[in-house]
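Peer 1: Residue numbers (UniProt numbering), protein chains in the order written: chain A, 1 to 379; chain B, 1 to 379; chain C, 1 to 379; chain D, 1 to 379.
Read the hints as simulated data drawn from the structure, not as lab findings. What you are looking at is a predicted structure, and each value in this text was computed from that prediction instead of being measured. One should not assume that every hint holds.
One copy or two, it doesn't matter: identical chains are merged, so the pair holds either way.
Below, in silico cross-link-like pairs of lysine-lysine (DSSO-like), each with a Cα-Cα straight-line distance of 27 Å or less [said to hold, decoys possible]:
1) 215 / 112
2) 112 / 34
3) 328 / 369
4) 215 / 200
5) 330 / 369
6) 328 / 200
7) 374 / 112
8) 112 / 200
9) 257 / 330
10) 181 / 215
11) 257 / 328
Given next are the chains, with one letter for each unit.
Number of protein chains: 4
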Amino acid sequence: MIMAPAGAKRNILERLDAGEIVIGDGGFVFALEKRGYVKAGPWTPEAAVEHPEAVRQLHREFLRAGSNVMQTFTFYASDDKLENRGNAQRFTGAQINEAACDLARESEDEVKGIFKRQLDVFVKKNVDFMIAEYFEHVEEAEWAVQVLKTSGKPVCASLCIGPDGDLNGVSPGDCAVRLVKAGANIVGINCHFDPMTCVKTVKMMKEGVERAGLKAHYMVQPLAYHTPDCNCQGFIDLPEFPFGLEPRILTRWDMHKYAREAFNVGIRFIGGCCGFEPYHIRAVAEELATERGYLPAASEKHGNWGAGLEMHTKPWVRARARRDYWEKLKPASGRPKCPSMSTPDSWGVTKGHADLMQHKEATSQEELKPLFEKAKASN
Amino acid sequence: MIMAPAGAKRNILERLDAGEIVIGDGGFVFALEKRGYVKAGPWTPEAAVEHPEAVRQLHREFLRAGSNVMQTFTFYASDDKLENRGNAQRFTGAQINEAACDLARESEDEVKGIFKRQLDVFVKKNVDFMIAEYFEHVEEAEWAVQVLKTSGKPVCASLCIGPDGDLNGVSPGDCAVRLVKAGANIVGINCHFDPMTCVKTVKMMKEGVERAGLKAHYMVQPLAYHTPDCNCQGFIDLPEFPFGLEPRILTRWDMHKYAREAFNVGIRFIGGCCGFEPYHIRAVAEELATERGYLPAASEKHGNWGAGLEMHTKPWVRARARRDYWEKLKPASGRPKCPSMSTPDSWGVTKGHADLMQHKEATSQEELKPLFEKAKASN
Amino acid sequence: MIMAPAGAKRNILERLDAGEIVIGDGGFVFALEKRGYVKAGPWTPEAAVEHPEAVRQLHREFLRAGSNVMQTFTFYASDDKLENRGNAQRFTGAQINEAACDLARESEDEVKGIFKRQLDVFVKKNVDFMIAEYFEHVEEAEWAVQVLKTSGKPVCASLCIGPDGDLNGVSPGDCAVRLVKAGANIVGINCHFDPMTCVKTVKMMKEGVERAGLKAHYMVQPLAYHTPDCNCQGFIDLPEFPFGLEPRILTRWDMHKYAREAFNVGIRFIGGCCGFEPYHIRAVAEELATERGYLPAASEKHGNWGAGLEMHTKPWVRARARRDYWEKLKPASGRPKCPSMSTPDSWGVTKGHADLMQHKEATSQEELKPLFEKAKASN
Amino acid sequence: MIMAPAGAKRNILERLDAGEIVIGDGGFVFALEKRGYVKAGPWTPEAAVEHPEAVRQLHREFLRAGSNVMQTFTFYASDDKLENRGNAQRFTGAQINEAACDLARESEDEVKGIFKRQLDVFVKKNVDFMIAEYFEHVEEAEWAVQVLKTSGKPVCASLCIGPDGDLNGVSPGDCAVRLVKAGANIVGINCHFDPMTCVKTVKMMKEGVERAGLKAHYMVQPLAYHTPDCNCQGFIDLPEFPFGLEPRILTRWDMHKYAREAFNVGIRFIGGCCGFEPYHIRAVAEELATERGYLPAASEKHGNWGAGLEMHTKPWVRARARRDYWEKLKPASGRPKCPSMSTPDSWGVTKGHADLMQHKEATSQEELKPLFEKAKASN
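All chains should be built: construct the whole structure from the sequences, respecting the hints.
Peer 2: Next up, the structure:
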């Protein structure tokens with residue numbers, strides 16, 4: 001899929017098999033929401049149609065920052081200029097859930113049927129590989145892998161779970177084994193948790209796969225937010241989601257640690273999800289520059305470990321132009337009236353409960369009122 | 001200057017005189033650094049030449065978010081499509097300092113001479129008004145105003161000081177009086193401090209101007225970072241500057257408070273500086289939508305006070321779709337090992353000291369070594 | 001042991017069997033260190049001999065606060081006035097270790113021999129029951145229980161471990177089963193972790209005992225410090241130990257939550273260890289006043305849930321005279337330059353390592369120097 | 001007053017004139033509240049009558065910790081054993097207010113009359129000097145000084161104000177001048193703010209006195225709580241007052257900094273108020289041991305700068321036995337869900353307002369109800 005011109009370059013599996021590091025991109029919806037093109041809540045991806053120049057600019061920035069995978073924001077976002085760099089198509093658990101919802105949750109077969117019809121379109125567009133991602137229940141991911149395998153393309157399967165396993169309590173190791181047996185070539189974790197938590201979870205997946213005598217490649221695409229206070233359902237339950245997450249944003253130096261740890265654990269497809277900006281991906285690429293043999297284009301605008309500060313007028317700012325300084329920095333929040341951690345919401349309801357059915361329309365004011373009352377009482 | 005087509009629309013003074021609110025844009029260098037186009041340290045603005053599409057896209061996003069001033073990133077960044085929206089030219093204290101440096105600090109007259117030659121170019125391009133900004137010493141700002149007045153355009157003068165006054169200890173009120181007497185039409189504060197601190201400082205400027213029986217308009221373009229721990233020299237002395245400021249980034253709700261407070265104090269030119277992203281400007285525009293009579297374009301992708309969450313599947317997330325929730329939220333940092341405040345650096349050296357002369361080239365390793373030693377000892 | 005005069009009152013097991021709640025006291029060495037009578041580091045208990053009035057006063061305060069167990073600070077501290085209230089004798093893991101050390105760790109039998117000779121003295125003094133406490137390895141606690149059982153008195157066995165189990169990785173449940181099988185009547189946790197962590201660990205012990213079809217009573221005597229950042233070796237490894245723990249001290253309201261949770265889990269011997277002051281024990285006694293049927297003497301100087309504030313002159317202070325207020329309060333540290341959590345020390349060395357042998361004399365300056373170097377490098 | 005036996009030793013003024021450092025004690029009501037003998041809210045001092053052994057023990061501990069002033073907890077607390085150590089009598093602003101209240105605030109003369117009758121009793125008991133303390137309005141302190149001067153004893157006058165001055169806005173410097181002119185020999189600050197804030201305020205008082213060409217000695221008796229978030233009315237308005245202040249308690253190392261700073265500023269009567277425990281006073285005495293020429297008795301149980309840890313079994317704990325370690329420690333709160341700072345209460349009402357009249361009896365439930373409603377709304 002990467003740097004494609006078909007015959008000329010190797011596909012993603014050939015590259016991973018050869019020991020290369022593949023750097024993913026960041027999450028588009030969060031970045032485009034901040035740029036004014038996506039609505040939080042429905043998170044609808046119509047920006048690709050309405051404002052293609054904004055989507056294209058973000059693709060450019062991630063590529064310049066070192067990504068060598070371009071995940072389509074939506075199918076229609078693919079764009080001639082970008083086409084020959086290869087790209088991957090995502091299929092999310094949310095889509096499957098929506099399909100299930102349309103069908104009143106009738107049956108596995110029907111869900112797969114709908115899903116298959118979507119796939120046909122993407123196959124025609126000749127994407128380089130398929131990613132089934134953002135699943136909280138491993139069996140839904142298995143269905144997706146089974147369908148995607150029919151395309152003949154390499155298939156990645158990525159869950160949005162933490163070390164405690166999926167929402168039915170299946171451990172990361174067992175989840176990974178099931179996905180590999182279903183046919184996934186690359187398995188891993190995306191979204192919902194911070195980088196170190198995701199890397200830890202992928203490590204557990206890898207150990208499970210190896211214990212089972214199987215083989216796979218591993219991917220990780222975490223949040224760019226620190227989430228030590230999450231429960232098993234991830235950052236959506238944090239009170240700050242989605243409009244108060246700023247104090248949790250990782251610095252570029254946090255990203256260096258993440259990239260190194262992911263590499264050490266044996267992960268070779270290393271990217272990002274919600275919260276990642278181009279400079280976060282650049283930090284990943286810079287940390288792994290020696291292993292990859294090159295720096296990304298955007299590093300021409302970024303001194304190594306703060307080296308650009310060597311020209312600053314104040315000597316104490318020049319003294320920050322060193323790795324040791326930034327590695328040890330414990331950055332202050334500037335918010336003395338705020339805590340370090342929150343208590344996740346989650347009103348004792350778990351997935352599958354009737355209260356959690358997808359609504360087609362915005363909740364009415366009458367429906368919202370008891371929610372507001374309950375929320376106030378629980379604060 | 002705003003929405004210009006010359007005769008058709010009123011200039012900035014006419015608008016402010018009529019009681020309109022003018023919304024500025026955000027700081028370009030910080031935003032473009034994160035997108036991979038500007039180098040922190042030298043902060044050189046060559047992106048306008050090298051990657052005009054990136055600069056243009058950021059202009060688009062700020063305009064879409066509600067800015068009705070477009071401050072040129074550099075002269076050459078001005079772009080046909082944007083030209084007829086009007087724009088403002090910035091002249092910074094740093095430029096004046098550099099000029100002074102070139103001349104070995106010879107004399108006020110020579111500094112003004114160099115400055116005048118730059119001005120001539122901008123006048124030809126017919127910008128709508130001039131902003132002299134980022135001055136730590138009021139007399140430098142006075143010189144700038146005197147030169148800019150010769151253009152016949154409206155002149156803004158903006159200092160990067162806090163409530164303690166300029167680096168010679170001249171109070172905000174006295175600074176403002178001197179700038180107005182020098183001919184500034186609009187006076188205010190930009191950069192160096194967080195929004196509430198800047199608003200407080202402009203309030204002191206306004207009180208000074210009124211006590212002196214003078215009249216002016218007021219502007220504010222603060223950081224998008226919380227900086228309660230700054231000393232009088234601002235955020236550059238914070239240990240997190242410039243690569244560890246993430247935990248300090250304001251949320252959109254912080255911006256609502258800022259916009260309201262700025263309006264209440266009587267400021268009518270309300271914008272942003274380093275750290276502002278388009279969604280921050282949108283929040284300013286949304287807070288003042290009633291007073292201005294319209295919402296910005298980007299609000300079509302942003303429910304009022306989180307209203308977009310009304311469609312979320314989880315009831316506790318739907319319960320966040322209300323103003324009360326976001327106004328009271330004290331967002332956690334997710335960083336329990338980090339403090340809330342830092343101790344600013346500043347090795348007992350102040351502006352004008354020989355150690356602070358601008359270097360033309362990067363500091364050599366021999367020069368840096370003693371700095372690193374000193375920095376380690378002082379930690 | 002409680003409220004003793006032999007025939008007149010029931011012993012501790014009879015009381016626990018009858019469903020009574022027994023409230024322990026707090027840790028003496030930490031409290032007396034702050035009062036100026038005990039030296040931190042060696043933590044030597046000579047205060048009982050040198051300043052018996054100070055020890056006696058602290059006993060009085062804990063009894064007044066609601067304790068109905070008086071644990072001898074040392075044997076010699078027992079005092080005529082207090083004698084007829086009954087008391088318990090503690091045998092600590094540290095004592096056993098010291099014995100082991102004296103014997104150059106020769107054998108289990110010899111350790112038990114020394115221990116037995118100490119016991120004989122206490123039996124003569126007719127204490128009401130024996131507590132073997134502060135063990136990090138379950139087998140040492142088993143030896144202690146076996147010896148203490150020969151006294152014919154009720155025996156408590158208390159470990160200083162957390163949910164991860166003892167330092168050899170034996171789970172809390174398995175530890176508890178082994179102690180009960182060795183003859184302990186009451187098993188539980190003391191020291192090393194904060195109240196909620198200790199309660200959680202005792203809960204795991206109880207589940208283990210019940211799964212094994214055994215029966216026991218449960219005790220808990222935690223720290224009065226919040227320790228969410230501890231690793232398995234407890235608060236000694238926190239950088240704040242022992243002279244910087246102040247910001248972690250629990251409020252009286254935290255103690256209410258602890259007492260309620262301990263009660264709900266089924267623990268009936270509820271006390272405290274290092275950091276507990278008399279008012280902390282009083283809070284435990286007040287929380288459980290309904291269940292116990294009476295308030296402690298010291299409650300005459302303490303309004304229920306802040307009721308004493310009803311007489312304050314300021315109305316906003318009077319408004320704090322309510323349970324709801326104190327239950328929800330998230331108390332600020334007043335230390336914006338400090339973090340919420342620390343990283344525990346522990347230089348990769350675990351118990352049993354030669355570096356950890358008890359020294360008879362203070363470490364020499366030559367021995368300390370490399371430690372200081374290492375410590376600085378690891379910061 | 002110090003180490004008195006009349007002729008034998010010098011009085012407090014002679015000692016201060018000779019350049020000696022006098023160390024005060026800590027606040028009794030807060031310490032005795034935690035020990036179970038005083039009720040927060042009314043803060044009634046009946047403990048001296050009801051539990052003299054508890055009061056006597058606390059006196060012993062402060063003396064042992066290095067205090068050489070013993071401030072009577074109340075008159076009746078004075079005790080034969082302690083008599084010959086000398087002592088000081090306190091007259092508080094609260095007493096004066098109460099007197100004023102009794103008289104329906106009739107006149108300055110009548111207030112002074114009541115006050116004078118109290119004084120007569122103390123004079124008979126031959127205390128060594130008088131302290132008028134805890135005044136928020138300088139004129140009340142002036143009245144007190146005028147009355148106390150009639151005793152012929154040295155008089156201290158201490159306000160509970162911060163750098164912003166008294167509640168009528170009289171600056172610390174002007175307050176001090178007025179008190180010295182009224183006859184005070186020693187002026188200073190006690191209670192309401194943290195040590196560094198109090199020292200800063202006394203420094204301003206000293207500068208005022210010196211500017212006026214007057215002479216005085218200076219005293220400081222601050223809180224043992226960090227209060228960076230207080231407004232001008234001090235810690236009573238903090239939401240944590242008085243039952244949630246634990247995270248703010250100063251460490252012994254904080255006290256070293258305080259003692260050094262107070263000494264450097266020229267203060268020679270250095271003590272403590274609410275929150276001070278004996279070990280805090282010991283830290284003050286240890287910091288100033290060189291200047292005073294001796295260590296307090298309690299230092300026999302306290303290694304210099306943590307030296308007692310040299311005997312600890314774990315090498316990383318032994319490595320904490322050094323000044324550098326404790327001086328640099330930024331102690332964690334262990335409370336990641338709590339903030340660093342609070343917002344002071346103060347419902348727009350200031351002293352003198354009818355809502356703030358002292359009540360003779362506890363507020364009734366009907367009176368409290370609207371307060372609770374208001375408090376909830378303002379959270």
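Peer 1: Each hint: holds or not?
Peer 2: Hints versus structure:
no.: 1; hint: 215 / 112; result: within (26 Å within a copy, 54 Å between copies)
no.: 2; hint: 112 / 34; result: neither (34 Å within a copy, 41 Å between copies)
no.: 3; hint: 328 / 369; result: between (47 Å within a copy, 18 Å between copies)
no.: 4; hint: 215 / 200; result: within (18 Å within a copy, 39 Å between copies)
no.: 5; hint: 330 / 369; result: between (41 Å within a copy, 23 Å between copies)
no.: 6; hint: 328 / 200; result: within (22 Å within a copy, 33 Å between copies)
no.: 7; hint: 374 / 112; result: neither (38 Å within a copy, 57 Å between copies)
no.: 8; hint: 112 / 200; result: neither (31 Å within a copy, 44 Å between copies)
no.: 9; hint: 257 / 330; result: both (14 Å within a copy, 24 Å between copies)
no.: 10; hint: 181 / 215; result: within (10 Å within a copy, 46 Å between copies)
no.: 11; hint: 257 / 328; result: both (11 Å within a copy, 26 Å between copies)
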